[in-house]
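Heads up: the protein sequence lines correspond to chains A and B, in order. Counted the way the numbering used here counts, the first sequence spans residues 1 to 258. Counted the way the numbering used here counts, the second sequence spans residues 1001 to 1302.
It cannot be assumed that every hint is accurate.
Stated by the list, open to error - Counterexamples of contact, computed for chain B against chain A with all Cβ distances above 12 Å:
hint : residue
1    : Ala1153
2    : Asn1211
3    : Pro1218
What the hints assert, rightly or not - Heads up, incomplete: computed chain B residues facing chain A, CB under 8 Å, no partners named:
hint : residue
4    : Asp1280
5    : Ala1284
6    : Asp1287
7    : Cys1291
What the hints assert, rightly or not - The list that follows gives simulated cross-link-like pairs (lysine to any residue, SDA-like), each with its CA atoms no further than 20 Å apart:
hint : chain 1 : residue 1 : chain 2 : residue 2
8    : A       : Lys147    : A       : Glu166
9    : B       : Lys1277   : A       : Asp45
10   : A       : Lys3      : B       : Ala1002
Worth flagging that the hints you see were computed from the coordinates, not collected in a lab. All C-beta atoms, glycine included, are put in the ideal place defined by N, C-alpha and C.
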Amino acid sequence: MKKYLLDLTVKSVERIHERYVLIKLTDDKPLPEMQPGQFVEIRVDGSPTTFLRRPISINFVDQAQNELWLLVAAVGDGTRRLAQLQAGDTLNCLLPLGHGFTMPAFTSERFLLVGGGVGVAPLLYMGAEMHRQGNEPTFLLGARTAKDLLMLDIFKRYGRVCVTTEDGSEGEKGFVTNHSLLLKEQFSRIATCGPTPMMKAVARYARQSNTECEVSLENLMACGLGACLCCVEKTTEGNLCVCKEGPVFNIRKLLWQD
Amino acid sequence: MARLNVKIHDLALKNPVMTASGTFGYGLEFADLMPLDGIGGIIVKGTTLRPREGNDYPRMAETAAGMLNCVGLQNKGVDYFCEHIYPQIKDIDTNMIVNVSGSSPDDYAECAARIDALEKIPAIELNISCPNVKGGGMAFGVTCAGASSVVRAVRQRYHKTLIVKLSPNVTNITEIARAVEAEGADSVSLINTLMGMAIDIEKRKTLLSINTGGLSGPAVKPVALRMVWQVAKSVKIPVIGLGGICTAKDAIEFLMAGATAIEIGTANFLDPTVSIKVRDGINAWLDSHGCKSVQEIIGVID
Chain A
1 MKKYLLDLTV KSVERIHERY VLIKLTDDKP LPEMQPGQFV EIRVDGSPTT FLRRPISINF
61 VDQAQNELWL LVAAVGDGTR RLAQLQAGDT LNCLLPLGHG FTMPAFTSER FLLVGGGVGV
121 APLLYMGAEM HRQGNEPTFL LGARTAKDLL MLDIFKRYGR VCVTTEDGSE GEKGFVTNHS
181 LLLKEQFSRI ATCGPTPMMK AVARYARQSN TECEVSLENL MACGLGACLC CVEKTTEGNL
241 CVCKEGPVFN IRKLLWQD
Chain B
1001 MARLNVKIHD LALKNPVMTA SGTFGYGLEF ADLMPLDGIG GIIVKGTTLR PREGNDYPRM
1061 AETAAGMLNC VGLQNKGVDY FCEHIYPQIK DIDTNMIVNV SGSSPDDYAE CAARIDALEK
1121 IPAIELNISC PNVKGGGMAF GVTCAGASSV VRAVRQRYHK TLIVKLSPNV TNITEIARAV
1181 EAEGADSVSL INTLMGMAID IEKRKTLLSI NTGGLSGPAV KPVALRMVWQ VAKSVKIPVI
1241 GLGGICTAKD AIEFLMAGAT AIEIGTANFL DPTVSIKVRD GINAWLDSHG CKSVQEIIGV
1301 ID
């Protein structure tokens, strides 16, 4: 897919959690085509400790409103700076980057989308695209507590939502891989994004249940274009750039043995 | 519109702006974003005789005004390059230059000889300065004898423009520059990255898989500029300057210090179109200062 370097206009910055902001961007021209699972490298201005661009997954694309949504965890100086953006500011974006998730081949294909923490971000766009194509995704979303479940109401617009929390304050208590759904139902494919231990547990479940599974990795990266070879992951094909060959990989390609 | 063309030995550059090895892939990765034929040259990823997997992840750490990397020359080897990559890049209308590395003088020479046979590759840049591989790379570039041995071996088997990329991790870079000039190098490019380190104090671990890495970015620019100035005064062959160049002003500083051309490296990660902006900025500066040619500013600093 053709890549673009664009100065997008900030439409709104909404703090949806003490640690997370939802940034909605727009442009005068129609936004480029983007696939679920792809990401954006954004330049952070005004943060002396943020030298490189920051890779942020595509949370949602609202074609009708010509909006690109980014869900950002305000963890370091750079991402905190992003949280301070105002409507009307511009954000320099390199997009769309990498390869996204495999989409259903036919409408009745049963997909399970498993997200944890801020890793739920790309699954919203994926679920919405599936819904638009007449498919009903099942979301399995996990967080520490009820208040850490992000954008739950919006997920519910596009499919069935199952939830786990570590403290049991919403949904089933435990991790996503403890959810009773996994004992009762079989899916043809799993797409997952979240903390690495969670994704490894999901991958283990997928192998045991003989389910196709794709994970979205977030190795530290610099260029985002496959030029610097910093973000490599060991795979069955040798070291591959997460930014270019990923960020989404089929688990059969990864050397995740445990 | 000032004249921007320069010459590095037999190599004619339409303008003095090139992209540095390891920061611009094979050019193709940037083709959507900028006109590749708009710059004077593209120096492609370091290539070795045999395939190399490179070092383990993590290979990168962000630092103040720069970054460390320890990629370790990951590449699929010269045969793969000749067979699969060369056909894709040979018709890009600029100088496509291959950066060559190795672990023995014979390795370097064999790799260079195979690239000598490629019609559309007019030059190589010999990497005797990679800080991230053991038993090679920088090991050669830090002594006059080591640097000479590699250049001597390559010069016998490589007949086009031979650029030698120098390491800044030395006591006196001018001695190395003179040593490679004496062995027949047509040009020197400098600087490669400066050896550095960073530590995660919570984990009490280094941030890079092999502990140390090469520092690049604006943080190294003053050091690079000083070395370019020193080397330009010490050798007769043209000097190519690099190290932290992000803007046209940075590039002009290197030209004034004595560089005939410049390379842009880490800045490509911040703005993939930066090389075009630097080219245009040099032109605008020359125009606004009444210079008809870039030659008028090269080496004006005594």
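Hint-by-hint comparison with the structure:
For Ala1153(B), the condition that its CB be more than 12 Å from all CB atoms of chain A holds, with the nearest at approximately 27 Å. The claim that Asn1211(B) is not at the interface with chain A holds, since no C-beta of that chain comes within 12 Å of its own (minimum 16 Å). Its beta-carbon lying about 8 Å from the closest one in chain A, Pro1218(B) breaks the requirement of being farther than 12 Å from that chain. Restraint check, Asp1280(B) versus chain A: the minimum CB separation of about 16 Å is more than 8 Å; hint violated.
Violation of the interface hint for Ala1284(B) is found here, the shortest Cβ-Cβ separation to chain A being roughly 21 Å, above the 8 Å cut-off. The beta carbon of Asp1287(B) comes no nearer than 26 Å to any beta carbon in chain A, farther than 8 Å, and the hint placing it at the interface is violated. This hint is violated: Cys1291(B) has a C-beta 30 Å from the nearest C-beta of chain A, more than the 8 Å allowed. Taken as a hint, the Lys147(A) and Glu166(A) pair is honoured in the structure, with Cα atoms around 12 Å apart against an allowance of 20 Å.
Distance hint between Lys1277(B) and Asp45(A) is fulfilled; the C-alpha atoms sit about 18 Å from each other, no more than 20 Å. Under the criterion of a C-alpha separation no larger than 20 Å, the hint pairing Lys3(A) with Ala1002(B) is inconsistent with the structure, at around 32 Å.
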